[in-house]
Amino acid sequence: MGILRFIIRRLIFMVALVIGVSILIFFMINAIGNPIDILLAERPGVTPEVIEIVKKYYRLDRSLTEQYISWLGNVARLDFGTSIIFNQPVKDLLVTWGWETMKLQVTAILISLGIAIFIGVTAATRQYSKIDFGVMSAALLGRSLPGFFLGILLILIFSYWLGIFPSYGAYSTRNMLLGSPLLDSLWHMVLPVSMLAYFNTATLTLLIRSNMVDVLRQDFIMAARASGLKSRHVVYRHALKNAFIPALTYLAILFGLMLGTAPVTETIFTWPGLGYLYITAIQQLDFPVIMGTNLVITLMLVTANLLTDIAYVFIDPRIRLE
Amino acid sequence: MEHRQIGTKADEEGKGSFPTPTEIDSRKHGMWSLGWQRFKRNRTGMVGLALVAVVVFFALFGPFFAPYHPNDQSAMLEFRSKAPPSLKNLFGTDRMGFDVATRVIYGAPTALVVGVGSMAIASIIGIIMGGFSGYIGGMADELLMRFTEFFLVIPIFIVILIIVRIFGIVVVGTALENIPYLNLSTIIIILGVFSWPPIARMARAEFLRLKEMEFVEAARCIGVGRPGIIFRHILPNAMPSLIVLIALGIGGAILMEAMISFLGFGDPKAISWGQLLYFNYEFLKIAPWASIAPGLAIFITVLGFNLLADGLTDAFNPRLKE
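Protein chains in written order, with the working numbering: chain A, 1 to 322; chain B, 1 to 322.
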């Protein structure tokens with residue numbers, strides 16, 4: 001099977017999955033109750049006429065299937081509807097808030113990947129040494145340290161006690177750092193990114209180390225060493241390429257975990273991202289935003305999976321395409 | 001592999017010149033006792049077991065050690081709310097005058113009930129689904145694998161949040177409202193329903209491997225029925241791998257509940273660590289102890305279960321590790 005057919009098949013599965021999740025959320029919201037009734041349960045004193053008008057406006061007087069299909073049709077035309085609480089097109093919200101989330105998460109993934117490769121390889125080449133033991137223990141501890149607890153500690157230490165980094169937000173409204181918006185934004189990113197990167201680094205380091213230990217023991221490494229290549233060249237070029245493949249799959253899982261727990265990260269740091277938007281939408285029962293955010297998060301997740309699958313094929317030609 | 005005894009009383013009454021199988025004490029060489037012997041030598045696993053034991057101890061006997069009643073706010077009357085740790089209040093008091101140490105101790109049973117309860121649900125669903133699809137195979141197997149793939153890719157945490165939130169609104173005014181700890185039960189059930197796919201996958205893999213084994217064939221030959229083979233012969237041998245996943249899952253479920261409660265979607269009537277963080281996070285700067293203590297409790301519990309799972313992997317699947 002050619003690579004193109006493989007990608008097309010994955011794409012179809014991906015679209016099915018995204019639609020599946022949106023159906024799940026849509027019918028779950030509606031199975032539990034009519035969105036408007038739920039919305040109004042917490043807002044007493046609304047007259048029936050107003051309810052009728054609102055229902056008509058949001059097309060809630062039609063059947064569920066019709067509603068879903070019209071929502072899907074609109075989404076295909078990039079129209080996610082209008083937010084009830086922000087009174088803005090959901091699309092604009094998703095773009096601006098989504099950008100903030102991606103900023104944090106992509107930076108965190110890249111940083112943790114760099115650190116994990118360096119530490120993991122160093123530990124693997126010195127297996128059972130003190131460095132190795134220290135790295136392993138730190139990583140094991142790190143994997144169990146709940147991200148949000150770490151976030152709280154970071155804020156407490158670096159923001160409240162030392163006063164170095166800001167504890168909330170993505171930008172300063174006044175007094176930007178050195179008057180530069182870019183520096184100011186980076187300055188705000190330090191704490192949330194360290195929190196995200198810490199967990200990823202711990203997991204990836206463990207993975208890369210154990211794969212490296214396996215690969216370094218294989219014959220072709222011995223052959224490479226015997227042929228007189230420099231040790232650093234053997235380790236980073238020959239061994240790492242092979243040890244990296246399982247880590248690559250894990251990258252998509254980590255990305256999914258980060259996106260999935262973005263509500264927690266962004267609540268701790270009051271970060272204006274998708275997760276924070278989602279929490280606000282859930283609290284205020286802003287259904288268009290809930291549906292839109294869910295769709296975007298699922299889409300990002302599935303895209304990450306697809307990209308890993310494709311990268312996988314390019315890195316390791318032995319993998320069968322099916 | 002577990003070697004079941006073939007010997008019967010009739011053998012024992014025979015000549016006795018042969019060492020009959022009954023003379024080998026199977027209890028000392030069974031899968032579980034061998035596993036325990038390996039586990040005892042594993043430092044990581046024992047540390048994990050000790051941490052879990054501490055949490056279980058406080059969950060069971062906590063009320064005898066807790067210095068105050070969980071609803072005691074008398075510190076408020078003495079103007080000692082947000083008081084720093086002292087002999088009177090080991091971890092200080094929080095903003096409502098509660099003794100932090102007492103509240104943290106009373107959070108232990110909640111955490112364990114959430115972890116064990118949701119994983120019990122997840123294991124039952126997972127083992128039945130995975131077991132049958134692994135044993136029977138064919139179309140059912142294919143369907144189940146696609147289904148679990150779907151569950152593995154969707155952002156579970158985000159879906160759980162919306163269900164918990166909407167369910168909390170819908171029950172208002174219905175008979176369900178009077179069920180004690182309704183919100184907590186909902187969280188437990190939903191966590192269980194969403195975390196079975198990894199268990200199902202592992203159960204399927206184990207059943208696929210074990211169903212071709214000779215002892216299963218032997219059981220089939222002597223006419224054991226399908227449920228008998230699945231539950232009495234294959235399942236006990238699949239348990240070690242599953243238990244590792246279950247231990248990991250308990251830690252994961254506790255963390256999930258903590259995150260849900262931290263975002264403010266927890267059960268207001270139950271004392272849980274995430275809830276304590278939620279209530280005290282706003283006062284992080286003034287009363288950091290009230291946030292650090294429950295955070296540490298979550299960390300210790302999750303770390304305990306993770307280390308326990310690590311030790312169990314080493315003990316039962318020694319081939320997997322170096």
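Since the hints were derived computationally from the structure, they do not count as laboratory data.
Each residue gets a CB set at the ideal place from its N, CA and C atoms; glycine is no exception.
A hint or two may mislead.
[Stated by the list, open to error] Partial selection, computed: residues in chain A whose CB lies under 7 Å from chain B:
#	residue
1	Tyr68
2	Ser144
3	Val264
Quick rundown of the hints versus the structure:
1. Tyr68: With a minimum Cβ separation of about 16 Å from chain B (threshold 7 Å), the hint on A/Tyr68 is violated.
2. Ser144: holds (4 Å)
3. Val264: holds (5 Å)
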